[in-house]
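Asks: Please build the complex by placing chain L on the supplied structure of chain R, with the hints as guidance.
These protein sequences, in sequence, are chains R and L. All residue numbers for the first sequence refer to the UniProt record's numbering, where the first residue is 1 and numbers rise by one. All residue numbers for the second sequence refer to the UniProt record's numbering, where the first residue is 1 and numbers rise by one.
Hints were generated in silico from the structure; no laboratory data involved. Backbone N, C-alpha and C define an ideal beta-carbon position, used for all residues, glycine too. Check each hint, because a few of them may be wrong.
Claimed, not checked - Cβ pair distances, simulated, as ranges: (1) L/Met-12 with R/Ala-119: 52 to 60 Å; (2) L/Gly-107 with R/Ala-31: 22 to 30 Å; (3) R/Lys-229 with L/Gly-174: 52 to 60 Å; (4) R/Ala-31 with L/Gly-174: 43 to 51 Å; (5) L/Ile-247 with R/His-66: 46 to 54 Å; (6) R/Asp-186 with L/Thr-35: 46 to 54 Å; (7) R/Val-73 with L/Thr-59: 44 to 52 Å; (8) L/His-34 with R/Leu-19: 30 to 38 Å.
What the hints assert, rightly or not - Under 8 Å between C-beta atoms, here's a sample of chain R residues computed to sit facing chain L: (9) Ile-21; (10) Leu-28; (11) Ala-32; (12) Pro-274; (13) Ile-292; (14) Phe-296; (15) Val-303; (16) Ile-304.
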Amino acid sequence: MSILTTILSRAFKAFVTLLAIAVLNFCLLHAAPGDPAVVLAGEAGAADEQMIEQLRERFGLDQPFHVQLGKYVGSVLTLDLGYSFRQGAPVAQLIAERLPATLLLTLTAFVISLVLGIAFGVAASARVGKASDSLLTTLALLFYATPLYWAALMAVLVFSVWLGWLPGFGYETVGAGYTGFARAFDIAKHLVLPALTLGLFFMAVYMRMTRASMLEVSQLDFVKTAKAKGLSGPAIRRRHILRNAILPVVTLAGLQAGQLVGGAVLTETVFAWPGIGRLMFESLAARDYNTILGVFLVSAAMVILFNIVTDIVYRLVDPRIGAKA
Amino acid sequence: MWKRFSSNIGAMIGVVLLLAVILIAIFAPLLFSHTPWQMVQRPFLTPFTMDGLPLGTDTLGRDVASQLAYGARVSLLVGLVSTLVALLIGVPLGALAGFYGNWVDEGAMRFTEFFQTIPNFALAIVLVAIFEPTLISITIAIAIVSWPPVARLVRAEVMSVRKREFVDAARLAGLSRPRILMTQVLPNTVSPIIVMASLMVATAILLESSLSFLGLGDPNAMSWGYMIGAARTVIRSAWWLSFFPGIAIVLTVLALNLIGEGLNDALNPHLSRKGKA
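Isolated chain R (complex conformation) (with noise of 0.2 Å):
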């Protein structure tokens, strides 16, 4: 299958995905108690009857089942993701403000954990056994046991309030009016905590599979002719095993996108960043259904992209895998 099939499939994969997202999101519009114009108007439209009136009619609730779903399910496709009445302007708007924010903190916190984490796991696996190792596997297991969103309380409360190294709260310097590599500079300040919180716990999956996988390649056959060949240690690790080793950890990371994608909502509250994480953190309060699904169909489809991403970069990085497919 050539690469090009593959996005074709794959894109139509996704399409399939997002409009099973959309009904699920109409059945639980319709499942939430209470009359679902009053629930999609949130808490903001409860007392305002002629405003219920109008969503009523906007989205016939006072036609059958399967009409109202079409014409949800329709509106979805064309983008419109609804109005919230509580920050008065439509959910697609909304989201399209902060989308960039959420982006830039979720790729950067998925380069970091996937670099930290083969960088650590290829060292652990280079010392298996000894106290380096040991060191490196117990902090992992730490880590990973960890809450994302009080590891970055924490991380607030040391690097911010004790030690006063690094801003713990917002985007970039309000009223400062940076331009050009002084902004991008301070955003960039502001965005070492949550990027490396939120980094962390995926960080602690990726080194942990790292090392794993590298042990088990490194018992493979070709790698005893490597090192029959002469090759020194850190050239067969590299050259050797690491490209074998990868492979897998490549795989559970385009996985564990949903999940990094969903720890932000997390990081986002905790840094007042201004993403949709935190967009949904502060719809949740006044139950602001419209926004809350929105989000909710936005970051299924960044999980979506990262996905197709990922299995693009896979298709690139080991060629059997498309002759196989």
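Replies: Coordinates of chain L only, in the frame set by chain R:
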């Protein structure tokens, strides 16, 4: 098997930690004369400054130590029950898919794949927000987002077991297909399921605490996540309010992970200590 498990230091540390948490959860009412909601002292009492209130008080003057003990109940209960519910969904689905194959497998796996694609924490948030946070809705939401790996694991196990000779023998002996699945195939998939379940309890506890951190906890139950969420805004003045519940979560989740790994090594000895040679 127990011998292998008990010789694993990490697993034994896990058992001791978990037992301590379980005992504290069970005996919380005996350990503390006041409920976690009662105001007992002035707010923001620093830890280790007053007898009887070792961990200080929160923003409303409630005993942090008592809150921690009662919080253990919610964490353990939600973790355990949601894992059981996830098993109830995942095991039958995976078993049917792996045993009957063909369109049953195709359908079940498409369904599982769909749930695996959805970001599971976001789905849990949506479910709890829509059905209002109660212990029941939280438990079910966590189960709904955690069953897919179970289904995949059971499917793979069943597929490998059903090709074994003793299954052919059972078929020749005239056993019906459902009977073969229930009495011959499934019992042979139990040990990997146990390992996965112990790790799932840990994940479920993390999920529950994350939900209540966001304000989606049962308002009638004290939980660790809620404590951290409530203390988030006062982190500058009262670090201990978010610090201690976090430690409680880390220790409990760590204990379960250690036990899970110990079980894995004990039940699948040929897989354990990968590459130690």
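Asks: Does R/Pro-274 pass the interface hint, meaning its C-beta sits closer than 8 Å to a C-beta of chain L?
Replies: violated, 17 Å
Asks: Against the range 43 to 51 Å, how does the distance between the Cβ atoms of R/Ala-31 and L/Gly-174 compare: consistent or not?
Replies: With Cβ atoms ~46 Å apart, the hint holds.
Asks: Given R/Ile-292 as an interface hint, is its Cβ closer than 8 Å to any Cβ of chain L?
Replies: holds, 6 Å
Asks: Would the hint on R/Ile-304 stand, with a C-beta cut-off of 8 Å toward chain L?
Replies: Given a least distance of 6 Å, the restraint on R/Ile-304 holds.
Asks: Lying within 46 to 54 Å: is that true of the beta-carbon distance L/Ile-247 to R/His-66?
Replies: holds, 52 Å
Asks: Measuring from beta carbon to beta carbon, are R/Val-73 and L/Thr-59 in 44 to 52 Å?
Replies: For R/Val-73 and L/Thr-59 the Cβ distance comes to about 45 Å; the hint holds.
Asks: State, for the Cβ atoms of L/His-34 and R/Leu-19, whether the hinted interval 30 to 38 Å holds or is violated.
Replies: violated, 53 Å
Asks: May I ask you to test the hint 52 to 60 Å on the CB atoms belonging to R/Lys-229 and L/Gly-174?
Replies: holds, 58 Å
Asks: Hey, does the R/Ile-21 contact hint survive, CB to chain L under 8 Å?
Replies: holds, 7 Å
Asks: So, as I understand it, the hint says R/Phe-296 touches chain L; can you test that by seeing if any CB pair is closer than 8 Å?
Replies: With a closest approach of 5 Å, the R/Phe-296 hint holds.
Asks: Note whether the CB distance of L/Met-12 and R/Ala-119 lies within 52 to 60 Å or breaks it.
Replies: Since L/Met-12 and R/Ala-119 have Cβ atoms about 31 Å apart, the given range 52 to 60 Å is violated.
Asks: Please verify that hint: R/Ala-32, Cβ, nearest Cβ of chain L, below 8 Å or not.
Replies: holds, 5 Å
Checked against the numbered hints listed earlier, the structure breaks hints 1, 8 and 12; every other hint is satisfied.
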